[in-house]
Structure formats: C-alpha cells, structure tokens
Amino acid sequence: MAEEVDRDIAALRRGDEAAFAALLERHHGWMMRLASTYVGDPHAAEDVVQEAWLTVIRSLDRFEGRSTLKTWIFGIVMNLARARRRKEERLLPFTSFFDRHAHTVDPARFGSDGMWRERPQTWENVPEAKMLASETLEKVRQAIEALPERHREVIVLRDVAELDASEVTGRLGISPENQRVRLHRARAAVRKALEEYLA
Amino acid sequence: MKCREIVELMTDYLEGTLSPRDRARFEEHMTGCDGCNAYLEQLRATMNTVRRLADEPVPEPMRSALLDAFRDWKTAHA
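The listed protein sequences correspond, in order, to chains A and B. Under this note's numbering, read the first sequence as residues 1213 to 1411, first letter to last. Under this note's numbering, read the second sequence as residues 2 to 79, first letter to last.
You may find that some hints are simply not true.
[Claimed, not checked] With the Cβ distance kept under 8 Å, some of the chain A side facing chain B (calculated, not the full set):
1) Gln1333
2) Ile1386
3) Leu1406
Don't read these hints as lab results, they were simulated from the structure. Where a beta carbon is used, it is the ideal one built from N, C-alpha and C, also for glycine.
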C-alpha cells in the first residue's frame, strides 16, 4: 500500500517559500492558543510557537511525513509548551474535583418545573461585525484563559485547532466521555462570558 | 425532559453521542421549546466565535525570522 507524504510537508521539503508563509498564517492562531494553555505569558507563548516552527525546519529531512503536518506540529507545540511551563513553574489555579453532575447553567435561570424562567436572548440580531470584532474575540480569549487547564486544553484542541475527538482523547489520554464533559463545561463557560459581554 | 436537563445534553447532541432514545427525547423537546433553541443557538454562535481565534495573524518579527530560517535551510539543502 503506497503511503503518501503529506502535501504540506512535501511542499516544505521542496523549499516552497510561499507555501511556508501560508502555513505560518494558517496555523498561527491555534498554535498560539495551545501554547497559551500551558504558558501564561503571551511572549513566552510566541517563543514556543516560533521554536516549534524552527523545530519543523530542522527536522524536515528526518521526519517521515506520513502523519499530517498539523498532527506533527501539534505534538511539537505540546512538548515545548509543557517544557517551558515546567521551566517557568507557572502557578496553576487549583482546579476543583471534577463533578459530572454540576450545572453549567445557573440553576436560578430555571423554575421549579425545570423550565426556563425567561427565554435566553437571541443573538441573531447582533451584527456579525460585532460578533467578530477584535474586542469580542479578546473577551472570548480571556474567557478561555480563565478556564481550568483541563477544560482549556479541550476547547482549544477541538474548537480552535479543530482536531477531531479521537485525536484529542488519544493525545490527552482521557476517555471520550471525559473529553465531552470537559468540552461541555468549557463551551458553557465561554458562552456565559459572551452572553455577559453582549448583554 | 426539562430544560435544565436538556442544556446539559447539548454537547452530547452536537457530538452525535446521545443514545437513539435520548436523542429522540432531546429532539422532541427542541421542537417545542424556544428557550432551549435560543440557548443552542448561543452555543453555536460561541463555537463560531471561538473558531475565529485561529485567524490570529503572525506578527511581523516572527514571520521575517521564520522565513529567514526557512531560506537558510533551503540554501543549505540546495
């Protein structure tokens, strides 16, 4: 069975500068969010991202290229970010014991019958320009940064890096159910922050 | 099913991991509940906004430095 080298890796090996520049742009956002999951300082996160690309360049000849470039970079960023974090000994906030049954929506929003007291606002009337404005994105970024690490990891990998569920459970060494619950909590927390901002 | 329970099933629903029975009950609730539909719409809008964090551009000093490094590699391998 013929095994194809990933197209992006092949382009890099050919020395295609335009492809390299395009890849830098395409992957920068999620690489930054992933690095920021482990290192607090934005400059440190940038260092990690830059170092990751330098590692890719240095390893281009050696790497067999059967996984995708994205999967490869993902592993490099995780390793570098965690190593950097160990070096800086970032103090992580205490994360409370994981409780499957805790509510992600304030129980006060429901009546004794378990139904919404008041319908949540529709956001359809929010102009798209506002939803995607830099200030809104900053609020969302902050909401993600404020999450416990175990939730932050999952929302960054699933919703920013757009890795699929099996890749994430494999890499993080967690069960599919555990991953879903963390994702659920993370998304709910970010939704809440966004709701507060848009109110 | 109550709204309070439905909101906790939304990620399972979006992931496609509800049992057929739970999914039927979920969808039945959703056909009649404005509140939960509004909440699901908010979750989807949130996910769309989160996805946009991936669009952050590469800062110029990093871009130049990495292009230089790539060119050096290219030269060494010519």
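Hint check:
1. Gln1333: holds, 7 Å
2. Ile1386: violated, 14 Å
3. Leu1406: This hint holds: Leu1406/A lies near chain B, its Cβ roughly 5 Å from the closest one there, short of 8 Å.
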